[in-house]
Amino acid sequence: MTSTAAIEVEGLRKAYDGREAVRGIDFRVQRGEVFGLLGPNGAGKTTTVEILEGYRTRSAGAVSVLGHDPQRRSAELRERVGIVLQSCGTYPHLSVRETVAHWASLYAAPRDVDEVVALAGLGEAADRRARTLSGGQQRRLDLALALVGDPELVFLDEPTVGFDPAARRAAWETVRSLRELGKTVLLTTHYLDEAQALADRVAIIKDGSILAEGPPGELAAGAPRYRVAYRGGEHVTDDPTALLHELTADALARGERLEELSVTRPSLEDVYLELTE
Amino acid sequence: MSDHALQGVRAAAHEPSRRSWIGAAWRQFRLERRMFWRNPTAAFFGFLLPLLLLAMFGGVFAGEQEQLDVVVPGIAGMSVMAATFVALAYNVTFLRERGILKRLRGTPLPSSAYLAGIAANAIANTVLQVAVVIVAGRLFFGVPWPGDWLALLVFLAAGVVCFASLGVGLSHAIPNSESAPAYVNAVFLPMIMLAGVFYDDEDAPAVLRDLAETLPLKHLIDGLSGAMVHGEGIADHAVALAALGLWAAAGIVLAVRGFSWEARRS
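Chains as they are written, first to last, in this note's numbering: chain A, 1 to 277; chain B, 1 to 266.
Simulated from the structure, these hints should not be mistaken for lab results.
The C-beta atom is built at its ideal place from N, Cα and C for all residues, glycine as well.
The reader is advised that the hints may include incorrect statements.
So, partial list: chain B residues that the calculated Cβ filter (under 7 Å) puts toward chain A [said to hold, decoys possible]: (1) R27; (2) R30; (3) L31; (4) R33; (5) M35; (6) R38; (7) P40; (8) A43; (9) G99; (10) I100; (11) L109; (12) S112; (13) N176; (14) R264.
Far from chain B, some chain A residues (derived; all Cβ distances over 10 Å) [claimed, not checked]: (15) E53; (16) A60; (17) A62; (18) A75; (19) G135; (20) G233; (21) D238.
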């Protein structure tokens, strides 16, 4: 394996008590890329990410994260990686600023504490004890703690679960700004719009296997179906030109209009549903 | 959340000592101290309760020096157990279930420095409480200053290692924070009753005395009582020290073998 990619995964397998949660997956994440692991709950996304984060050992396969084997848990690798975990709390009796400051002290070259607090949108709440934060503020503190070490690579495991639409948009903006700074982001999500909006490339994972991989737009373009809809009817076709010709000819012959006629190119959702159902 | 905000200055580079192991353990220790005083439950059970009990039993037995000579070292022993066993069983369960241990595990903080920081916090609480018990015993309850400081320190150290590791070991058996009080009190309350914290265990039925002999707290109190009240040294309580050592060894094995940085998967 070379170290030009931020993450390289080859033939990764993980079994728990004989049940295979991950069944031989391969992918590469380039430096500076936002890569999305998309799949339904229980597909093996979190297991995969936790192996890359160094929380779990793998059963088989080769894994490289910034040139390190994560299961060796070297301090050097942890200096360069930021992690947003699902449902992990913080010290309830510390303020937001104290919490971020303590996490900053764990890294060799942290970012400025107040700046990270502001970046996470917690400037107003900086002096509040963590136990008084709302769910959304708590998740933003998660993000602040993942970023305060100034990581090159950020893992975001289901970063917007439970967010209201405004908080979701704000989190998306943060991910986009991470990419503009040249950070590499590995994101897991079961929200299609999130993967489509954020990821440069997506791997669709189900039952521990990758079913498709590529940029969201190309994945969708690879899907054969166009959707033609109008009031009172909907068709799915490989050949919208011929279908439209037929539909409009019939309508004209009857002297009718096809109200609200639309032709929709296949979206990531169509690909996803086709692959995962 | 503008891009401009992201591109601000980095914090000044830290001097190398900031990253040292001792520095990491020290910062964790200071953080634990701050959080201890901010958590009313911890401060009450870990600090005030033993002192309230001392005041209460001191009042009940006022003038009965024989009883006071039993209660003061008894409460010192109970304080050691409260500051280590009880506090760590609660805390480790809470930190594990809340995911705080898992989160810390993803940072460069060395695990050993982290554990040293929380151990130092338990030691600080032990020293603080035992000091207050000794001073109160001298000032209000007619108990002399400890006759053998070395024996006192040795028994305190053995007690801390023993009960801290047993507390961490017990936390592995506790399924969640809600059930922690039930598990902890199921061990703590019978142990302080059996060990003769509040009465001279010579008066207890033989079967209870034999049971207490098999448990560590009685041996700690015997050692403390010797050092604090009777001016007896380590040699006079070598068997008690050996018993504490055996329990400490068992506790360390349990604490290390079952340790998990993560909540159990449901």
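Here's how the hints hold up against the structure:
1. Annotation: R27 of chain B was flagged as interfacial toward chain A, and the flag holds, the nearest CB pair being 5 Å apart, inside 7 Å.
2. Evaluation of the R30 of chain B hint against chain A yields a violated restraint, the C-beta minimum of about 9 Å exceeding 7 Å.
3. Because the closest C-beta pair between L31 of chain B and chain A is about 6 Å apart, less than 7 Å, the hint holds.
4. A least Cβ separation of about 12 Å between R33 of chain B and chain A goes past the 7 Å threshold, and the interface hint is therefore violated.
5. Satisfaction of the interface hint for M35 of chain B is found here, the shortest Cβ-Cβ separation to chain A being roughly 5 Å, below the 7 Å cut-off.
6. With a least beta-carbon distance of about 4 Å to chain A, the hint placing R38 of chain B at the interface is held under the 7 Å criterion.
7. The restraint placing P40 of chain B at the interface with chain A is violated, with a minimum CB-CB distance near 10 Å, outside the 7 Å limit.
8. A hinted interface residue such as A43 of chain B counts as satisfied when its beta carbon comes closer than 7 Å to some beta carbon of chain A; here the least separation is about 11 Å, so the hint is violated.
9. Annotation: G99 of chain B was flagged as interfacial toward chain A, and the flag holds, the nearest CB pair being 3 Å apart, inside 7 Å.
10. The criterion of a C-beta within 7 Å of any C-beta in chain A is met by I100 of chain B, whose closest approach is roughly 6 Å, and the hint holds.
11. Taking 7 Å as the C-beta contact cut-off toward chain A, the hint placing L109 of chain B at the interface holds, the least distance being around 5 Å.
12. Checking S112 of chain B against chain A: minimum C-beta separation of about 12 Å lies over 7 Å; hint violated.
13. Against a cut-off of 7 Å between C-beta atoms, the interface hint on N176 of chain B is violated, since the closest Cβ of chain A lies about 13 Å away.
14. With a least beta-carbon distance of about 13 Å to chain A, the hint placing R264 of chain B at the interface is violated under the 7 Å criterion.
15. Once the 10 Å rule is applied to beta carbons, E53 of chain A is inconsistent with being away from chain B; the minimum gap is 6 Å.
16. Distance check on A60 of chain A: its Cβ is at least 21 Å (rounded) from any Cβ of chain B, clearing the 10 Å threshold; non-interface status holds.
17. No beta-carbon of chain B is positioned within 10 Å of the beta-carbon of A62 of chain A; the least distance is around 22 Å.
18. Listed as a non-interface residue, A75 of chain A fails to keep its Cβ farther than 10 Å from every Cβ of chain B; the least gap is roughly 5 Å.
19. The Cβ of G135 of chain A sits about 14 Å from the closest Cβ of chain B, beyond the 10 Å cut-off, so the non-interface label holds.
20. Non-interface call for G233 of chain A relative to chain B: holds, since the shortest CB-CB distance, roughly 44 Å, exceeds 10 Å.
21. Separation of D238 of chain A from chain B is adequate, the least Cβ-Cβ distance of about 42 Å exceeding the 10 Å criterion.
Going through the hint list in order, the structure does not satisfy hints 2, 4, 7, 8, 12, 13, 14, 15, 18.
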